[in-house]
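Protein chains: 2
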Amino acid sequence: MPRFFMAGTNIMGGMAIMTGRDAEHVRVLRLRPGEDMIICDGKGTDYKCRLVKADREQVEAEVIEVVPCPAEPTVQVTVLCGLPKGDRTDYIIQKCVEAGASEIMFFQSDRCVAKPDKPEKKLERWQRIAEEAAKQSGRGIIPQVSWAGEYADALNVANQKELGLFMYETGEREALNTVLEANSDVKTAAIVTGPEGGFAPFEADLARIVGLHICSMGERILRCETAPVVAVSALMYATGNLS
Amino acid sequence: MPRFFMAGTNIMGGMAIMTGRDAEHVRVLRLRPGEDMIICDGKGTDYKCRLVKADREQVEAEVIEVVPCPAEPTVQVTVLCGLPKGDRTDYIIQKCVEAGASEIMFFQSDRCVAKPDKPEKKLERWQRIAEEAAKQSGRGIIPQVSWAGEYADALNVANQKELGLFMYETGEREALNTVLEANSDVKTAAIVTGPEGGFAPFEADLARIVGLHICSMGERILRCETAPVVAVSALMYATGNLS
Numbered sequence: 006m007p008r009f010f011m012a013g014t015n016i017m018g019g020m021a022i023m024t025g026r027d028a029e030h031v032r033v034l035r036l037r038p039g040e041d042m043i044i045c046d047g048k049g050t051d052y053k054c055r056l057v058k059a060d061r062e063q064v065e066a067e068v069i070e071v072v073p074c075p076a077e078p079t080v081q082v083t084v085l086c087g088l089p090k091g092d093r094t095d096y097i098i099q100k101c102v103e104a105g106a107s108e109i110m111f112f113q114s115d116r117c118v119a120k121p122d123k124p125e126k127k128l129e130r131w132q133r134i135a136e137e138a139a140k141q142s143g144r145g146i147i148p149q150v151s152w153a154g155e156y157a158d159a160l161n162v163a164n165q166k167e168l169g170l171f172m173y174e175t176g177e178r179e180a181l182n183t184v185l186e187a188n189s190d191v192k193t194a195a196i197v198t199g200p201e202g203g204f205a206p207f208e209a210d211l212a213r214i215v216g217l218h219i220c221s222m223g224e225r226i227l228r229c230e231t232a233p234v235v236a237v238s239a240l241m242y243a244t245g246n247l248s
Numbered sequence: 006m007p008r009f010f011m012a013g014t015n016i017m018g019g020m021a022i023m024t025g026r027d028a029e030h031v032r033v034l035r036l037r038p039g040e041d042m043i044i045c046d047g048k049g050t051d052y053k054c055r056l057v058k059a060d061r062e063q064v065e066a067e068v069i070e071v072v073p074c075p076a077e078p079t080v081q082v083t084v085l086c087g088l089p090k091g092d093r094t095d096y097i098i099q100k101c102v103e104a105g106a107s108e109i110m111f112f113q114s115d116r117c118v119a120k121p122d123k124p125e126k127k128l129e130r131w132q133r134i135a136e137e138a139a140k141q142s143g144r145g146i147i148p149q150v151s152w153a154g155e156y157a158d159a160l161n162v163a164n165q166k167e168l169g170l171f172m173y174e175t176g177e178r179e180a181l182n183t184v185l186e187a188n189s190d191v192k193t194a195a196i197v198t199g200p201e202g203g204f205a206p207f208e209a210d211l212a213r214i215v216g217l218h219i220c221s222m223g224e225r226i227l228r229c230e231t232a233p234v235v236a237v238s239a240l241m242y243a244t245g246n247l248s
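Top to bottom, those sequences are chains A and B.
Just so we're aligned, residue 6 is where the first sequence starts under the numbering used here, counting upward by one.
Just so we're aligned, residue 6 is where the second sequence starts under the numbering used here, counting upward by one.
This is chain A alone, in the form it adopts within the complex (with noise of 0.2 Å):
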């Protein structure tokens, strides 16, 4: 069925009016009035709606249904990622939302190669990459993407999860199984990566300070652009959200 963000629809008295670009949409679909579709308001609930009308200025669909959009995950999964060079990012991004992140935010670490000026004038172009995986990936909401800034702030967002895993390849380190058996029923959870260089062991002591999980995924040697989205899956997986 198709299936539409509602960026510029109006929910009221049992109809939806669309207009703008979302109503070309429909028209480019050639939807004819009594077919249905789903409109999702962009924060996890979906309008399966019967179209009424398609003109030229706009399109009115009545709401048959409202339901949760089932393919948003029970946990809210935020990525945290010591920002990496080149186009590794909008492979993080487009990887960590079809995998199930709700937000992905960039950081500056020790270790970073990559250290734009100004990372804000790319947030324009990741959210637009986080937009389109959401569209595609069937996606209830349109995760966010930002800069967290510097590593004391994102080890602040971190912490202020119901889970805070942190991913490091050496040392004391808490197998990921462990952590998350014992964790299943979390509704929210952040998962820290670093980037090409990885994390200084200053800033492992840190995380551990402030009590994030120190965790292995295993012996493998994961690039900076791979982790994210393997704890993403592992996370989904251990919390039922990929079945």
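Put simply, identical chains are the same to the list, so a pair is met inside one copy or across any two.
In silico SDA-like pairs for lysine to any residue, Cα to Cα no more than 25 Å straight-line:
id: 1; residue 1: Lys-90; residue 2: Ile-134
id: 2; residue 1: Lys-48; residue 2: Ile-226
id: 3; residue 1: Lys-192; residue 2: Arg-213
id: 4; residue 1: Lys-120; residue 2: Trp-152
id: 5; residue 1: Lys-140; residue 2: Glu-224
id: 6; residue 1: Lys-126; residue 2: Asp-95
id: 7; residue 1: Lys-140; residue 2: Val-71
These are computed hints drawn from the structure, not numbers from a lab.
Use these hints to put chain B onto chain A, whose structure you have.
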């Protein structure tokens, strides 16, 4: 510790003799006699060695310890993908090798958009991507990339594994959790995923008939290059290989 695959290395009588490219690597890294390194035989065994001599012609090292490569998972996973377009193959190979797959095969199926006359021509490049990913992630083997041929051939390969998972986005399916929890001690597994357009219903029927598990990975629609990586991650997690 520096780590080498042993393409040109002979191990005899407690000594490892490296020539050619591998010997060059040792020289480039400016390792000195007395320093330690790991030489991996590409079949899952690591030789911890101490450098004795490195000159223009060859490198000699004393074997100190022989251990199974700790990065190799306890399950051998064969990933079978409907041939996707463009460089999505490269992405699948790189990420699945990092995540722990032991073998990657592509096949032709009903909805494949990419229909190269001679996929065999690409094998050399694909194999090189696997080799680079294996080295970078510290694998103990270089996973083989190959062309499975027609869809029926791919099913045949999958069916020879202890556990065969067929990822499908619609219809009657088993939850991935349920299947993996009941099979967490398997030694060989296959993951079958479709090309851009997914599988045709008759292809899913065939998979069901030969006895593969038709699995759901949740309500989010994963791109053809994302699904294999998410599936390998879930399988590694469920079999205790992500800790």
